[in-house]
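Visitor: Below are the chains, spelled out letter by letter.
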Amino acid sequence: MSNTEAARRHAGESHGVGHVATYVVLTLLAIMYIFPFLVEVANSFKTDEEATLAGMSLWSTNWTTAAYTTLFANSDFALWTMNSVIVTVVVTTGRVFFVSLAGYSLARLRFPGRQAVYLALIAVMSVPAVVLLIPKFLVIKSLGIYDSYAGMILPLLVDAAGVFIMRNFFESIPLAVEEAARIDGAGTFRTFWSVVLPMSRPALMTIIILSFQGSWNELNHFIVSTQSPSLTTLTKGVASLASGQLSSGNQYPIKLAAAALMTIPVAIIFFIFQKRIMNTSGGAVKE
Amino acid sequence: MTTTQGLARATPAPAQGRGRRSLGNAQAGAGWLFVLPMVVVLGLFLFLPVVMAAWVSVSDWSGRGAPWGGNVNFVGSKNYVDVLGGQGLAARDFGTAIRNNLYYVILVVPLQTVLSLLLAFMVNKRALRGKSFYRTAFYFPSVTSSVAITVLWLFLFSASGAVNAFLGWFSIQGPNWFADPRGVIHIMLGGGDGPAALQEPALFGISGWEWLAGPSVAMCAFILMAIFTTSGTFMLLFLAALQAIGEETEEAAMVDGASAWQRFWYVTLPMLRPTVFTVITLGLIGTWQVFDQIYTGTQGGPSKTTLTPAYLSYDAAFLSGDWGRGAAIAFVLFGIIVLFTILQRLILGGGDNTGTDRRAQRAEKRARTRAAAQTGGVA
Amino acid sequence: MSHPQRAVIAALATAAALTLSACGGGFTSASNTPAASQSANTNPISVLIGSSGDAETTSVKAAVAAWSTKSGIQAEVKVASDLTQQATQGFAGGKPDDVLYVSTDQLAGWAKNGSLEAYGDQLSNKSDFYPGLVKAFTYDDKFYCAPKDFSTLALVINKSMWADAGLTEADVPTTWDQLSAVAKKLTKGKRVGLAFGPEIQRVGVFMAQAGGGLLSADGKAQADAQANVDALTYVKGMLNDGSAAFSSDLGAGWGGEAFGKKMAAMVIEGNWITGAMTSTYPNVEYTVAELPAGVQKGTLQYTNCWGISADGDNKAAAISLVEFLTTTDQQLTFAKDFGVMPSVQSASAQYKTDNPTMVPFINGAEYAQNLPSMAGAADVIKEFNSQLAGLKSKDPKAILDDTQKNLQAIVG
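Chains as they are written, first to last, in my numbering: chain A, 1 to 287; chain B, 1001 to 1379; chain C, 2001 to 2412.
Worth flagging that the hints you see were computed from the coordinates, not collected in a lab. Every residue, glycine too, gets a C-beta built ideally from N, C-alpha and C. Do not take every clue at face value.
Negatives, chain B to chain A, calculated, CB over 10 Å [as the list claims (entries may be wrong)]: (1) 1038; (2) 1042; (3) 1206; (4) 1262; (5) 1292; (6) 1318; (7) 1337.
Quick list of in silico lysine to aspartate or glutamate cross-link-like pairs, DMTMM-like style, CA-CA up to 20 Å [said to hold, decoys possible]: (8) 2190(C) to 49(A); (9) 2352(C) to 2329(C); (10) 2392(C) to 1082(B); (11) 2394(C) to 1200(B); (12) 2061(C) to 76(A); (13) 2405(C) to 1060(B).
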């Protein structure tokens, strides 16, 4: 005990210099991580010429919102945003429900073929998403849901990793409560819905964060599942901006404005759930 | 923290004792009903696609009508041979894509692993003030979309962009990053055409000299971007593991009079082995799938030096209408990813857990799955 | 999607924005379109375009709407963000749009797999199109689709830099030697005399002028011809002495940007540059000249056609729409609205009167070459371009030999 104490004190003294060094290194690194985003926002309020010539400067002599005006007046930015919102909301809601249902089933219910389903789940999780680009298009088109919200949303409704997270979570919560509910005569779904789910807030949060972020930032699935401009999402739309549409030459402020705007929702989610995301220490059922 | 060890261990131990039969039946029904949506969606959009693509990869489907229509023929391994063998353009494009991506993997995986470990180590210090600020700063790039980050990167690394302005402070004339196809190894060797022995077409029709080019300057910008966007996620993973290890172990070592470096090297790092293993696995899987950045940023240019197998597969199918070749490339890529994961397992050994308590293991596993979901890999 | 196409689209975008205000009453004169269908098929038509911007979109929408009113068939214009990808997915998905822009690059692939209808011979105004353009849209001896409009390349010169260098109108280069000489004179500090994109879509003009080109007149691969070696050697010389540069090396997205941002005194660009100049760089005064000749006069031309999907369910109406869109009057309206050049000869005289600065571009139609467009050509060109970017340090002959090999693999 006193040994540890001594060691601690010792560490405190001899690491004075090291401590300062840590702060210096960390602060420099933090600047490197944050600066690009400041550059993004600052330059979205500049003229193209100024952004091109003095991209590093966070200050401008003539601020302008021209880029944002162009974005809303001369592009489908508003439409893209709407599509992203629709898809994200539906996907997130659906995922929370389906993923927890499946996770619960795999963790708690005994049914024939359960092990097979579980193994299949692990197997499909190992298929890299990019490999599925062409095949997903083929299936979506064969099912007749190509170029529709259904084609955009359905394939994203369940995510294998999410099922996995929920299964692990359900395995970690006490059985006793469910037993009690069952003895009271509640059916399996009742037990799941009114007893288990309310206890699962932390895990559900994780799923919400992941689904929101995942579907908001999704690009390649929307590339292969749609063709109509009316179904373009933010990621697809902004990517098309970046590769030259709408602009002759570089037109950086417009692109940066678009990038900054599309980052806002995930940033909000991030800051709301920051504690939850950053909580790496607690057990599964913390709260 | 309400979990207790015993309960947490509970594997499915459903209805016991009386009424087991009827309950069991009801459960079987409910069990299937509950997993049904998952089975349908994953079956339709993960399993079935793979089967269909397998067929397309051995067919001559030209992208009109259904792939199993009457006018679509079985062509055997033709598409695979086109991609993997011979000196044709298809093989060379694939070879170029593999070369580019290989350099990307070789640089990104170790760098992001080391950097994220370093970050985790620093922000884990007990006495550090402003922990959450630093963690937030490092993690934030991980939550933004690859499209937005690519747009930003194109700007930062433009000819007169912020990066070159920064280099200018040190009187370094920065390159025109995204337009510069020169391989960095070639640049270091002073350019030129290289020895005659390396001029002959080698693997995939790419000459030895071209294989040795190194990542192009343009690819380097993408490499930096990958490190920038993934180090935060992996930092959290390491952080979880470090906290699981706890301070006791460290302090014990401290008492033994070990230097900070010794403590890190002989005590902490070995205990972090499973996490290092996970980070490398996720890194490998993620880095072989570079697509969004290329689609948004360079479409494979300049001089095909940012072409990746994933983008090439897309390009072949969706832009050139060469669906069989595109599907074949996708399967070869899948094979490569599997191969690399196995190789890594052989070299580094499995990710066995040692020493940490079970709750910590669980926390770490949770973080791992979360990271996997985020980086698009497996857990 | 091919690079030049994107560059063109990008460039046109700005052209469009400017002329938007001027595009008011465009279609009143388009009247005499024969109805191609007697049947009562009234299935609606969808038109997929790769728009350069608002002006083009507005103009095409208005034209299609006018046809719709006249024919009584509903028609909708969709603007693609990546035309090639969307069209490919449409064909593969069995839900293609009825009418769509088709570039020469794409023609062979889509014609070969049967996605496109070969309707060219059914057009009543078939003989009015420039023969070179008809050839560009002929595959397997069938004239597939009506050329929409076209563009050629010319030399665009910054007036004030020209004057500052002590040059006069008499100095406008007509030979390679003169071009080198003026480019040197115009090179000053970081500014180069001449700039062009790092792609055969620009550099190819020198190959044409040297009497070469990737294909011979009878369609054989001839990338390794001496004329092509001469052309690339000439270009390499200018790149290395600093009087010329690729626009990308200057940090510009395309030639027009390099020119507008005063990084180069001259650029080799197409007629779409004029739109970008007026809208984005109105302060840069410029003049346009025909490209200098090597062994002969040479330039390249680009064109899109109005493709019709073979799987469409109202092809008769689609053809009638295309006839409407390619009438002389309608094409002159498009020209006015978004700066393209009409694909029919009957519009030439009027066009020259309306657009005096464009004369060098339209004159190029007489001697312009098409880039190869057979199936697989796009990949060969992509590969050529990828090597061309390193021309400064590469052996022109090696690049061309390699291209010859790739080209032979597809033309036999």
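Visitor: To test your reading of the hints: which numbers does this structure violate?
Guide: 1, 2, 5, 6, 7, 10 and 13
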